[in-house]
Amino acid sequence: MGSTLFEKVWQQHVVKQNEDGSTLLYIDRHLVHEVTSPQAFEGLRLNARKPWKISATVATPDHNVPTTDRAQGITDAVSRTQVEALDSNCAEFGITEFGMNDIRQGVVHVMGPEQGLILPGMTVVCGDSHTSTHGAFGAIAMGIGTSEVEHVLATQCLIQKKPKVMRIRVEGALPVGITGKDVALFIIGKIGTAGGTGFALEFAGEAIRALSMEGRMTLCNMAIEAGARCGMVAVDDITLDYVKGRPYSPAGENWQKAETMWRELYSDADAKFDAELVYQAADIVPQVSWGTSPEMVLPVTASIPDLASAKDDVQREGWQRALVYMGLEANMPITAIAIDKVFIGSCTNGRIEDFRAAAAIVKGKKVAANVKLAMVVPGSGLVKQQAEAEGLDAIFTAAGFEWREPGCSMCLAMNADRLEPGERCASTSNRNFEGRQGMGGRTHLVSPVMAAAAGIAGHFVDVRDWS
Amino acid sequence: MQAFTTLNGLVAPMDRANVDTDAIIPKQFLKSIKHTGYGPFLFDEWRYEDRGEPEMDCTNRPLKTDFVLNQPRYKGAQILLTRENFGCGSSREHAPWAILDYGFSCVIASSFADIFFNNCFKNGILPIVLDEAIMDQLFNETAATEGYRLAIDLPAQTVTTPSGQSFSFAVDTFRKHCLLNGLDDIGLTLLQAESIHTYEKARAQQAPWLF
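Protein chains in written order, with the numbering used here: chain A, 1 to 467; chain W, 1001 to 1211.
Rather than coming from a laboratory, the hints here were simulated on the basis of the structure. Among the hints, a few may not be true.
To be verified - Label pairs and their in silico Cβ distance ranges:
no. : chain 1 : residue 1 : chain 2 : residue 2 : range
1   : A       : Arg70     : W       : Pro1162   : 54 to 62 Å
2   : A       : Glu253    : W       : Arg1051   : 51 to 59 Å
3   : A       : Gly99     : W       : Leu1180   : 39 to 47 Å
4   : A       : Ile54     : W       : Gln1205   : 16 to 24 Å
5   : W       : Thr1059   : A       : Val176    : 43 to 51 Å
6   : W       : Thr1036   : A       : Ser88     : 15 to 23 Å
7   : A       : Gln11     : W       : Gly1039   : 39 to 47 Å
8   : A       : Asp313    : W       : Pro1054   : 32 to 40 Å
9   : A       : Ala77     : W       : Gln1002   : 25 to 33 Å
10  : A       : Asp313    : W       : Gly1039   : 26 to 34 Å
Treat the numbers as computed from the prediction; the structure is a model and nothing was measured. Note that beta-carbon positions come from the ideal geometry of N, C-alpha and C, so glycine has one too.
Can you make the complete structure from the sequences, with help from the hints?
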C-alpha cells in the first residue's frame, strides 16, 4: 500500500517513536512573533536553557505594529513593550529577526514563504494557529501554544500524536470569480468548524492543482477554521517555481538534490485515507459569512437562514445569538447587507495576487458614500513594495481606499485598527468571532474581490456580475 | 507546572457550543508579556458591560448580570461544563492561562479544539471529553441543584456525580503521566538529546540545505 503525502513527510521527521503512542517529531522551521513568544523566552531564561538550533528560527513582529506612519514608533505603550521584548529576546538568543522597520517585516505567514524559509517537505511550527498556511508547500505546518514554542526552542522537537488524514478533493475547474478563499469558506460551510478536528487535511483535485501558491496558502491558512491543525497540498511545478531563487531557498547542487526529493511529495495512487470528501468546483459560488463562526457562511446569492432550518437546538441557539450579535434578520438576502468598513489584508489574503485582483475591481471607481473606511494592508514590506511598483497603491487610493504599512492589523485588532461597536466590515481575514475585529464589531468574511466590490457598492454584491 | 490528581469541585455551566479563544480571552490582553494575571479578564466581553483594557482594575467594573459566571451560586467554581468544540480559534495559550488563573482546573465538554486541548495539559488543566447525552445530564443536574459538585479522579479516569454515578473518560498515557506528576516535558525531551543529535546527523546527509 502506498503512502499519503502527510505520512511521507511525517516519517522523515520521526526522531523516536515512543511506546505510549506519542512521537518525538523533529521541527525544521520555527517562525516567531511578539505575542506568543515572550513567556517562552522567559522560560528558557528561568531554566538556563539555550535554543537548540538557532538557524531554524526566524522572527518578525506583526500583530502589534501600527499600519500608519512608523516614524514615531508605537504609541500604545503595552504594544510597544511587547515588540521591544521580541527585539531584545532575539538579540539575547541570537535569533534572526526582521524588525519593524526592515523591508522584509510582515505578517509571519506572508514573510516566511516570501523569504524561502518555507520549503517542501519541512515541518514548520509557529505560536499561531494560522501556521497551517505553509502546508501549501507540501509541508507539515501547525500552530502551537507558548509552552510548545519554548519546547521547540529548547529541543527542536515536539511530542506529537499522529493525526488521522482526510483528503478533500475539489474536482473540475473553478468558475471565473471564485478564489481559494471561496473554496476554503465553502468547505468549512460543508464540514463545520470541528469537521477537521483530529485530522490533517490534504487538499487535492483539479481545482486545487490549478490554484497559484497564493491561492493554496489562502486555502491551507483556513484549515484551522475547519478544526484541522494542518492542511496540505502536494508539491508540483507551481510549488517549485515559487520556491526557486528565494533568499533562503537552496541553490546549485543542493537545489538539484532537493528537487529530486520534493518531487516525491504527493499521495501515492493507492494511499489510504482515514476519510475522503469530494466536491465539484462548479458548485462553488462567491462566499459571504453571515454569523459569528466561519461555518456560518453562505453563497452571495442566498439569504440569511431561518432558525427553523437549524439541525438541532444547539445550532438554533448559536444562530439566534449570531443573528442578534450581527444585527441581521432571518431570510434577508446577503446582497441587502450594507457595510461600514472594508479590510483587505491578513495572513489569509495579504499577498500580491490578492491586491492585483482587488485593484482590478476598484480601478476607476469610488468607494460608496456609506463606507466610512476602506483599508488595504499589505502582508509584508516586500508585498507593499511590489504592489507600489505595479501602481496598485495608486489605484486603491484613487478609489478612496487607504494604503497602509504591513501587519496583522484589523484581522484581530491588536493594534489601533479596529471596528467600533455595531460597525459592519467586509473583511478578507479568517475569523468572524464576536469581538474579533473590535468589541461589538461585525465581521463578514469574503475574498479580496468580493471585499473590493462591496466597498464600491456599499453592500455585498456578486462579483461574477461585476463589469 | 501544578500537578492534577483528584478534584472535588463546584461546577459552573456554560451552555454554548463553539466557544472560541477570542471570547475566552480577548486580544487586547495578549499584549502582556507575563504568564499570570489573566483571570480577571476571562470571558471579558461577555462578563463586563464596559470595554476591558490590559492592567485595569476590574473590582468595580459593571458586570453583565445575565452572564452565567456572574451568578453568585457559581462563585468559586473549579469545574467548567461546556459544549462541543470548546477553545476553537487561535493558539493563544493565554486562554488556558486565564481559565486557570480564574480558578478552573478542569473543563468538561463533548469535544475540544485540538490546540486548546493540548495547551490545557501544558498548564495543569484537565480537559475531559464526555458523550453529548452525559453532558445533557450534567447540565440538567447543575441547573437543578445549587452547589452541585463533581468528583474528578485522574488516576481512575472517572467523573462522579453527587449521587455516586460514575463516568469514565479517556486520556493519553503520556499526558496523564505528565499531569499526575506536574512534569515539565522539556526536561523529559532533553533526556533524548542523543537521539536528536543522531537524527540530525542522518538528516543533514539526506537534506543538507536544512542544516
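Subject >> Violations among the numbered hints >> reply: Hint 5 alone not satisfied by this model.
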